[in-house]
Amino acid sequence: MPFDPNASGPLDVSPLLRLLSGGAWQIELAHERDCHLLVWVTRGQGRALLDGHCRGFGSHTVLCIPARTLFSLEIGRQSFGQVLRIDETMPCGLPETPMQIRINDMQEQARLTAFFDAMLREQQLDDDHAARAICSYADLVGIQLQRLWAKAPENNRAHAARRLCRAFCARLAQDAEGAFNMAGHAAELDVTPTHLTRVCRQETGKTAAALLTERQLHAARSLLIRTTLPMRDIAQSLGFGSAAYFTRFITQHTGETPSTLRKLARKDPGPQAMRH
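Numbering (the numbering used here), first residue to last: 306 to 581.
Mixed in with the good hints, there may be bad ones.
[As the list claims (entries may be wrong)] DEER-style ranges, computed between Cβ atoms:
#1 ALA465 / ASN486: 32 to 38 Å
#2 ASN460 / GLN383: 27 to 33 Å
#3 ALA549 / MET411: 56 to 62 Å
#4 ALA438 / ALA548: 43 to 49 Å
#5 GLN350 / SER564: 35 to 41 Å
#6 GLN383 / GLU413: 35 to 41 Å
#7 ALA419 / ALA492: 47 to 53 Å
Hints in this document: simulated from the structure, not taken from any laboratory.
The C-beta atom is built at its ideal place from N, Cα and C for all residues, glycine as well.
Based on the provided sequences and hints, a complete structural model is requested.
See the structure below:
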């Protein structure tokens, strides 16, 4: 079944490559989710946009992605690992700070792998205590990550460009209705569109406008395949001026019309086809 961050269960442990089920766009376009994700990459490589910065990762990298954090991942097909998903409504001890940490110490690697294995066993047990047990292991993982983050070379003081890009990404994650265009975001951040574009390109390899487009496209495609909302309602909810403009936007960036994307998704029934 395709990986769905909005699945009915409040938490689960899944293989890393399940993130790519249902289309790589679901993870490769900049977006935010209403769940916490903890990604443990034990083999392979990729790139992550996280906390206003984009950089590569390799084996034995852990990514902590709090709910409502703008991010994207490019994961190599030869990669291997696990993903913990916890609904944002569930109390858990995972860090509230986005983190990308390369773990070189073999004992720390083994400890994190053991925690994931334990959570997977609890998930397979699936009794009245499983969810509580998984959250307890997540609390222990959170403690381990906080200790590693305190001494990780990745945890450096952010310079001005990183802080600006981080603030822009946070605004994108919060602007669910598409109330601001790129120039509007720049004005709210008290910088020029040109400066914001230059900084975003420096920190992420993408312009501010490209990040905004990715976030809109991901939200639009998600609503198309996970709800039965009419096109005009989806267009309105995302700040598009009309259903026709929404259709042109989708067609331009996917090569398919919104109705075609919805029909294709329904041919592959799964949690992503959840009705509204």
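Structure-based check of each hint:
1. ALA465 / ASN486: 32 to 38 Å: 24 Å, violated
2. ASN460 / GLN383: 27 to 33 Å: 29 Å, holds
3. ALA549 / MET411: 56 to 62 Å: With a Cβ separation near 58 Å, ALA549 and MET411 satisfy 56 to 62 Å, so the hint holds.
4. ALA438 / ALA548: 43 to 49 Å: 47 Å, holds
5. GLN350 / SER564: 35 to 41 Å: 37 Å, holds
6. GLN383 / GLU413: 35 to 41 Å: At 23 Å between Cβs, range violated.
7. ALA419 / ALA492: 47 to 53 Å: 49 Å, holds
Violated hints for the displayed structure, listed by number in ascending order: 1, 6.
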